[in-house]
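Okay, here's what each chain looks like letter by letter:
There are 2 protein chains.
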Amino acid sequence: MSDTYHHGNLRQALIETGIRVINESGEDALSLRKVAAACNVSHAAPYAHFKDKDELIEAIKRSVTEQFMEELNDAVDSAVDSENAIIDMGKRYISFFLRKPDYYKFLFGRQNIIAHLKIGEETDEDYPPFILLKKTYLKYLKEKGIKKNRKEQGIELLKIWASAHGLAAIACMSGVVPPFDWNEMLEGDDLLR
Amino acid sequence: MSDTYHHGNLRQALIETGIRVINESGEDALSLRKVAAACNVSHAAPYAHFKDKDELIEAIKRSVTEQFMEELNDAVDSAVDSENAIIDMGKRYISFFLRKPDYYKFLFGRQNIIAHLKIGEETDEDYPPFILLKKTYLKYLKEKGIKKNRKEQGIELLKIWASAHGLAAIACMSGVVPPFDWNEMLEGDDLLR
DNA sequence: CTCCAATCTTGACAGTGTAAGGTTATTATA
DNA sequence: TATAATAACCTTACACTGTCAAGATTGGAG
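Residue numbers (numbering that gives the first Met the number 0), protein chains in the order written: chain A, 0 to 192; chain B, 0 to 192.
Any given hint might turn out to be false.
[What the hints assert, rightly or not] In the DSSO-like style, the derived pairs of lysine-lysine whose C-alpha atoms are separated by at most 30 Å in a straight line are:
id : chain 1 : residue 1 : chain 2 : residue 2
1  : A       : K90       : A       : K150
2  : A       : K99       : A       : K52
3  : A       : K150      : A       : K138
4  : B       : K99       : B       : K50
5  : B       : K52       : A       : K99
6  : B       : K134      : A       : K90
7  : B       : K134      : A       : K50
8  : B       : K143      : B       : K90
9  : B       : K33       : A       : K50
10 : B       : K133      : B       : K150
11 : B       : K90       : B       : K133
12 : B       : K133      : B       : K146
13 : A       : K99       : B       : K133
14 : B       : K90       : A       : K146
15 : B       : K99       : A       : K133
16 : A       : K133      : B       : K90
17 : B       : K150      : B       : K138
18 : B       : K133      : A       : K90
19 : B       : K150      : A       : K90
20 : B       : K138      : B       : K90
21 : B       : K33       : A       : K90
22 : B       : K150      : A       : K99
23 : A       : K99       : B       : K146
24 : B       : K90       : A       : K90
25 : B       : K99       : A       : K52
26 : A       : K146      : A       : K90
27 : A       : K52       : B       : K33
28 : B       : K147      : B       : K134
29 : A       : K90       : A       : K138
30 : B       : K90       : A       : K147
31 : A       : K33       : B       : K99
32 : B       : K146      : B       : K90
33 : B       : K50       : A       : K52
34 : A       : K33       : A       : K52
35 : B       : K90       : A       : K33
36 : A       : K90       : B       : K147
37 : A       : K150      : B       : K90
Hint data in this document are derived by calculation from the structure and do not stem from the laboratory.
The whole structure should be built from the sequences, with the hints applied where relevant.
Take a look at the structure:
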């Protein structure tokens with residue numbers, strides 16, 4: 000009947016307006032019906048693209064994670080060496096979520112993307128930010144000529160990641176920018192000791 | 000009519016069954032009506048004790064935080080000195096939430112208790128776990144005879160807290176126990192560098 | 001004994017996720 | 001070009017949710 004019976008690109012539209020809602024009012028304000036309405040579509044139309052609400056949320060999470068990865072990739076690309084790359088990744092890790100606190104709660108609040116992560120092993124590391132950190136870290140070790148065994152590497156990687164993530168978490172929770180000089184983290188060859 | 004018209008201690012019962020629900024099925028499964036039913040009470044009875052659902056959730060959060068504090072207090076009490084107290088606090092910080100991952104998501108997922116935290120200042124630090132950490136840390140500095148100015152103290156405190164919190168977060172998210180030797184965090188006098 | 005405040009019940013409402021089944025537009029095929 | 005198949009979308013319906021208003025019940029203070 001009407002010429003807009005078919006939306007054309009509903010799936011992407013749902014994801015984008017979903018992100019907008021979360022960014023404006025947080026995850027709690029995200030309802031399938033509201034998102035559908037914002038896309039000028041009936042409240043059950045999303046089910047043509049997503050099995051249920053969780054599947055839409057997961058798609059949105061992937062999309063937000065991609066935004067996050069752009070930030071981290073940019074840090075790596077614009078750094079003069081791997082050491083500065085790691086430092087800048089840490090800074091951006093925090094500033095990204097500090098700029099959008101709702102993203103932090105959304106990504107890490109409920110069931111999240113980091114599903115079956117094996118730290119210190121090379122299997123199943125399917126969380127892109129961690130993969131990038133690990134890659135950069137190994138390059139850093141090589142650049143500096145530092146020798147460490149697998150376990151030591153895993154622990155140090157975890158320390159770096161946990162510090163960044165923890166600071167981001169605290170920053171988002173308290174709304175206070177950590178007075179933290181990230182450079183201190185990577186001084187000398189015993190970083191993060 | 001019935002001799003159980005008045006529950007007697009409904010408020011506490013709601014909080015306790017709420018905790019049980021979250022512990023068993025996560026925060027998403029927490030509904031006022033179900034909690035009320037579990038207390039053998041009509042679906043609107045909770046409104047005599049809590050303004051709305053958020054107020055019940057906040058009460059539950061306070062209760063869970065108390066459980067958490069018991070753990071941390073026990074760490075401090077059973078430690079031989081402040082250094083070991085901090086180490087054990089970190090271990091328990093992680094093990095507590097690892098034992099009950101739903102608690103982590105519940106406490107830190109959405110709007111959380113850590114509201115207006117001033118790090119490095121002495122006002123408004125109304126988050127009990129942080130207060131305890133700070134107290135223990137200052138005692139540690141005194142025991143070791145370490146001199147640091149306010150800002151340095153704040154940064155170091157934040158590092159310790161962020162590491163513990165970050166590791167707990169990652170552990171809960173990935174379900175993997177961090178292969179992290181907490182003792183390394185506090186070696187020497189430049190801990191966490 | 002009376003009154004009152006706290007507590008609980010009942011009933012209603014709008015908003016939610018989602019299942020079932022119908023409708024339209026696009027694409028493939030003959 | 002005509003038709004069949006499929007994917008995208010719609011309508012209807014239902015159970016469940018949080019919340020509110022109005023009234024019933026109770027225990028305790030005066």
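Violations among the numbered hints, reported as their numbers in ascending order: 7, 21, 23, 31, 35
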